[in-house]
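Heads up: the sequence lines are chains A and B, in that order.
Residues in the first sequence are numbered from 4 upward in steps of one, following the working numbering.
Residues in the second sequence are numbered from 4 upward in steps of one, following the working numbering.
Treat each hint with caution, since some may be false.
To be verified - For each label pair, taking beta carbons as the anchor points, the in silico distance ranges come out as:
| hint | chain 1 | residue 1 | chain 2 | residue 2 | range |
| --- | --- | --- | --- | --- | --- |
| 1 | B | S204 | A | R142 | 37 to 43 Å |
| 2 | B | P57 | A | Y145 | 21 to 27 Å |
| 3 | A | T52 | B | G50 | 43 to 49 Å |
| 4 | A | S204 | B | A45 | 43 to 49 Å |
| 5 | A | T106 | B | G41 | 38 to 44 Å |
| 6 | B | A135 | A | S204 | 38 to 44 Å |
| 7 | B | G84 | A | T16 | 28 to 34 Å |
| 8 | B | A110 | A | R121 | 41 to 47 Å |
| 9 | B | S160 | A | G159 | 33 to 39 Å |
Claimed, not checked - Stretch-level coverage of chain B by chain A, calculated; a stretch enters the list once three of its residues show a Cβ under 8 Å from a Cβ in chain A:
| hint | segment |
| --- | --- |
| 10 | 31-45 |
| 11 | 156-165 |
For the record, the hints were derived by calculation from the structure and aren't laboratory data.
For clarity, every value in this text was computed on a predicted model and none was experimentally measured.
Virtual Cβ for every residue (Gly too), placed ideally from N, Cα, C.
There are 2 protein chains.
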Amino acid sequence: MTTTTSAPVAAPTPQEFGVGARVTLAVMRDDYVDVILGALRATDVSGLTVATDPVSTFVGGDEQSIVRFLVDLTGRAAASGAHVSATITFSRGCPGEVACSPTVARASEVPSVERVGRDALAQWALYPLSDAPSADHMRDIYAAIDHAKELGTFAGSEHFVTNLRGDLADVIATAAAGWVLVGRTVPHVTSHLTVSLNSPSVA
Amino acid sequence: MTTTTSAPVAAPTPQEFGVGARVTLAVMRDDYVDVILGALRATDVSGLTVATDPVSTFVGGDEQSIVRFLVDLTGRAAASGAHVSATITFSRGCPGEVACSPTVARASEVPSVERVGRDALAQWALYPLSDAPSADHMRDIYAAIDHAKELGTFAGSEHFVTNLRGDLADVIATAAAGWVLVGRTVPHVTSHLTVSLNSPSVA
Chain A
4 MTTTTSAPVA
14 APTPQEFGVG
24 ARVTLAVMRD
34 DYVDVILGAL
44 RATDVSGLTV
54 ATDPVSTFVG
64 GDEQSIVRFL
74 VDLTGRAAAS
84 GAHVSATITF
94 SRGCPGEVAC
104 SPTVARASEV
114 PSVERVGRDA
124 LAQWALYPLS
134 DAPSADHMRD
144 IYAAIDHAKE
154 LGTFAGSEHF
164 VTNLRGDLAD
174 VIATAAAGWV
184 LVGRTVPHVT
194 SHLTVSLNSP
204 SVA
Chain B
4 MTTTTSAPVA
14 APTPQEFGVG
24 ARVTLAVMRD
34 DYVDVILGAL
44 RATDVSGLTV
54 ATDPVSTFVG
64 GDEQSIVRFL
74 VDLTGRAAAS
84 GAHVSATITF
94 SRGCPGEVAC
104 SPTVARASEV
114 PSVERVGRDA
124 LAQWALYPLS
134 DAPSADHMRD
144 IYAAIDHAKE
154 LGTFAGSEHF
164 VTNLRGDLAD
174 VIATAAAGWV
184 LVGRTVPHVT
194 SHLTVSLNSP
204 SVA
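If we strip away everything but chain A, and leave its shape as in the complex, we get (with noise of 0.2 Å):
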């Protein structure tokens, strides 16, 4: 038996850790605001702190919670028949705007969302920010890349961003997977993604 002077150390609850992600919701249509908060009413908030100012909604908690309040806020907004984009970042790490104090990451499973028969659109970056000797961001990025070809959402690449196609919560998870899976290695991670629903671009 060993024993040890150093009690065990928790590891730090998705709060602690600053997990959760901002989105914006344009509805492209006069009743926009109608539009918008009832979305916001109607989603389940269970688990999440969610926080709305004057450009965007701040939700934290587990990566699972805030990719089903993502995918069902969107969809309810989508369901109104409108054009929608949604602007999403991700970000874990970097509890405060700069208070970045975690310097080990955090293993946490990819969330999981059943699809909801909507198609979406969507183009995505994935940020890793190591400091670390090791770091190799544009490694992490590829991964998480080839990690979306094996979702079935990766519809080619662009300047600074690849493109996603396929069901809303497909799409959105896609996002999410990439940020947890890069966030085993690396503290600090962002991933910025629109989401275009009912667009009238698209056949």
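Use these hints to put chain B onto chain A, whose structure you have.
Just chain B, lined up with the frame of chain A:
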């Protein structure tokens, strides 16, 4: 007189260095298609490569021209009187989706643009993506936020983002300035800005 066996290396052009931006304009009114396409058609694209896809518009060129384009485009959309949300991504140092060949930074002038007399709210995030041994991405972000305070657009810190408020031109120029300033020492830098115009949430 000294001689050298290596030919002088020309600095990369903005295009070669992958200097560019993406913008998604969301206009929250029934006539959004006319407003968005009208703004895109009316905005001067001199010296720029512009390509619109179903999710966003890519604009490549020098920093000054990109900022002028973005201020003009978003200002024209807002001149409709509709509530407008613009999602902007600046990128440098990664010409393709993941083709990050540059290993040295590229110094550029901080873009300057005249005020347009239109108030904007925004949330801003800046990502220095350095793998160098000297990497300290939070040091670079702190410096950029200090710069926003000097410009007078800093409006507080939130989870994952910095709030900006001020003339539309100053708000966009703030995000571009942080991007260019960090870009003097870090090859690959992106900056994300969500701009809200004519918001009913603001008195």
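Hints versus structure:
{"no.": "1", "hint": "B/S204 / A/R142: 37 to 43 Å", "result": "holds, 41 Å"}
{"no.": "2", "hint": "B/P57 / A/Y145: 21 to 27 Å", "result": "holds, 25 Å"}
{"no.": "3", "hint": "A/T52 / B/G50: 43 to 49 Å", "result": "holds, 46 Å"}
{"no.": "4", "hint": "A/S204 / B/A45: 43 to 49 Å", "result": "violated, 20 Å"}
{"no.": "5", "hint": "A/T106 / B/G41: 38 to 44 Å", "result": "violated, 50 Å"}
{"no.": "6", "hint": "B/A135 / A/S204: 38 to 44 Å", "result": "holds, 40 Å"}
{"no.": "7", "hint": "B/G84 / A/T16: 28 to 34 Å", "result": "violated, 45 Å"}
{"no.": "8", "hint": "B/A110 / A/R121: 41 to 47 Å", "result": "holds, 46 Å"}
{"no.": "9", "hint": "B/S160 / A/G159: 33 to 39 Å", "result": "holds, 36 Å"}
{"no.": "10", "hint": "31-45", "result": "holds (count 5)"}
{"no.": "11", "hint": "156-165", "result": "holds (count 6)"}
In terms of the numbered hints stated before, the structure departs from hints 4, 5, 7, listed from lowest to highest.
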